[in-house]
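Asker: One-letter residues, chain by chain:
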Amino acid sequence: MGWDFAGGLTRFFKSLMVQKRVIFALLMREALTRYGRHNIGLFWLFAEPMMFTLGVTALWSATGRGHASQLPIAAFALTGYSSVLLWRNMPGRCIGAIQPNASLMYHRNVRIIDIFMSRLILEAMGATGSFLVLTLAFNYVGLIDLPEDVFKIIIGWTLLAWFGAALAITLGTLAEHSELVDKLWHPASYLMFPLSGAGFLMSAAPPAFQKVVGWIPMVHCTEYIREGYFGSKIVAIHNLGYVLLVNLILTAFGLLQIRVIARRGVLSD
Amino acid sequence: MHDVVYPNDGVRLSRFRDYLSKLKPSFWAIVVIPTSIAIIYYGLLASDVYTSDSYFVVKSSQREKSVTGFASFFAGEGAGGSTDEVHAVEEYLKSRDALRDVNKDGLVTNAFTRSSISIFDRFGKLGSDSEEALYKYFSKRVDSTYDGGTFVAHLKVQAYTPDDAFEINRRLLNLGESLVNRLNQRSRTDLVRYAEKEVDEARARAATAAVALSTYRNKRGVVDPEKQAAVQIQLVTKLQDELIANQTQLDQLRQFTPENPQVSVLQERVASIRRQMSTEMQKVAGGAQSLAGSVAGYERVQMDSEFAAKQLASAMASLEDAKNEARRQQIYVERIVAPNKPDAALYPKRLKGVVSVLLLGLVIYGIFQLLVAAIFEHRQ
Chain W
-6 MGWDFAGGLT RFFKSLMVQK RVIFALLMRE ALTRYGRHNI GLFWLFAEPM MFTLGVTALW
54 SATGRGHASQ LPIAAFALTG YSSVLLWRNM PGRCIGAIQP NASLMYHRNV RIIDIFMSRL
114 ILEAMGATGS FLVLTLAFNY VGLIDLPEDV FKIIIGWTLL AWFGAALAIT LGTLAEHSEL
174 VDKLWHPASY LMFPLSGAGF LMSAAPPAFQ KVVGWIPMVH CTEYIREGYF GSKIVAIHNL
234 GYVLLVNLIL TAFGLLQIRV IARRGVLSD
Chain V
98 MHDVVYPNDG VRLSRFRDYL SKLKPSFWAI VVIPTSIAII YYGLLASDVY TSDSYFVVKS
158 SQREKSVTGF ASFFAGEGAG GSTDEVHAVE EYLKSRDALR DVNKDGLVTN AFTRSSISIF
218 DRFGKLGSDS EEALYKYFSK RVDSTYDGGT FVAHLKVQAY TPDDAFEINR RLLNLGESLV
278 NRLNQRSRTD LVRYAEKEVD EARARAATAA VALSTYRNKR GVVDPEKQAA VQIQLVTKLQ
338 DELIANQTQL DQLRQFTPEN PQVSVLQERV ASIRRQMSTE MQKVAGGAQS LAGSVAGYER
398 VQMDSEFAAK QLASAMASLE DAKNEARRQQ IYVERIVAPN KPDAALYPKR LKGVVSVLLL
458 GLVIYGIFQL LVAAIFEHRQ
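Residue numbers (my numbering), protein chains in the order written: chain W, -6 to 262; chain V, 98 to 477.
Hints are not guaranteed to be accurate.
DSS-like, lysine-lysine: derived pairs with alpha carbons at most 30 Å apart [as the list claims (entries may be wrong)]:
id: 1; chain 1: W; residue 1: Lys226; chain 2: V; residue 2: Lys237
id: 2; chain 1: V; residue 1: Lys294; chain 2: W; residue 2: Lys204
id: 3; chain 1: V; residue 1: Lys407; chain 2: W; residue 2: Lys204
id: 4; chain 1: W; residue 1: Lys204; chain 2: V; residue 2: Lys237
Rather than coming from a laboratory, the hints here were simulated on the basis of the structure.
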């Protein structure tokens, strides 16, 4: 075949190790520059999203926002808003991530994908940590029960994180072509928030609305996470195959864009 | 293999071989092999699937609860579907009960274990043939959906021959209908049974009260003490009139002709009238056997009897209401589209399947290549 498989594999793992070190170093650098070592330091990573979720939960509980289901509002807000944080913060961090780190690229081994990956991992950790800590805390206080099927939550959460990451890379690279992406993302993310399944259950929505909202990938993940969390108490409507397809296409597109940008040369301008 | 190779062909063939050998193993693993498997499966192995559809609404002649204001936007108009029952039917069609009822004579088991079905699709060939597995298998091939906008429910059955699909669909629909009939029967008997019980009780009470009344009449020898007393008093009044007239005449005679022999006659008459009056008065009032004495007891039994009669009437009326209500609450399955017998297999979508596998493979391969390339960019 003319292809040195064993040799390729060793080279691959060596490179993977290098990349792991690079991403970890970037991650620590990012975390330290963002949160510093003073007061609670790295804990801000969880605390920031936690405060958001807590605030929204408090608001929804106080206004008694109707969501047409028997679920306690705290549980509804927790699953919904944590999911929003997961997919919304990743693109936010990745848009405009390259320029501030451009100087790092003088190192041969620091690549655009490493910058993205370090930020994505950091965001995913933050959102996941916040979700985890709040779930346990709410459960300790007696606001909500523990999830019924943790495995489903993990699957839904992973798919959602993947979607967030793919979207982040796509938007982050597109933002290098045009500033418009940055400008449009903020309103778009706010508009998507109520449509993303955070504030409603699909089964409670009118059929015509369901059909439209069904095109939004986050909805399916949120529904699946809720199904895992509340199990038999709700009827969840989801199509994970669709999410998978969107994720694959977005990922391919995003990775391709990274190459395009790397070719063009970030440092030249 | 090729003893005589035309130069042109040889070049073309070796070029193709070159091209193939240039493909990386990952491309084989991610794109070529899955696509080949898909071609073999869809081209040769997958059995034709026939789909039988039917559409129905579950209607209730009951008027919807009147909703006012904003909510009426969503409530729909009176003659709409009855959602509770349609959900009951929908759930039932997907249930183990439905499977058991359809499969009473082995229809489902036969339909899905035909030897003409490829072993990848045949039931119990590559997996367990337990009840639970049959239910899972059956659930994948039967689908009922309900459109809340149009109130139409859709029942879809897939099988490997047109007849099986049709027969299973037809039976499921019939079972759904009998479920609705059962629900009807239940609600009707429940409603009417209570009303009937009430009527029976009221009737018994009315009969007892009537018997008590007649017993009392016989015992006291009165029919209606008040009316009888009125007649009696009238009699006494007449006697009183007569007494006054005679007394006056007697007084006159005594005044003017005391020696008149008529005086003693009149005296006797007056005394007689007085005695008569006293006995007649005695009958009306005074003493246990008088009419006044009977009135209290008579009124009690009489009122009992009247009350029981009224109760009976109202119980009869509510029974009539209940019957009407039960008639109105009738729900029924209305078939819009009867199950069809498909004459062509719509599934599997063979070309679509192969193309999806190919495209998906290409996308995954692209991601894989890009990731590997990105990793390889890191060197020591």
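Asker: Each hint needs a verdict: does it hold in this structure or not?
Answerer: Right, here's what the structure says about each hint:
For the suggested pair Lys226(W) and Lys237(V), the alpha carbons sit about 23 Å apart, so the restraint of at most 30 Å is met. About 51 Å separates the Cα atoms of Lys294(V) and Lys204(W), which puts this hinted pair outside 30 Å; it is violated. For a cut-off of 30 Å, the pair hint linking Lys407(V) to Lys204(W) is broken: about 59 Å separates their Cα positions. For the suggested pair Lys204(W) and Lys237(V), the alpha carbons sit about 22 Å apart, so the restraint of at most 30 Å is met.
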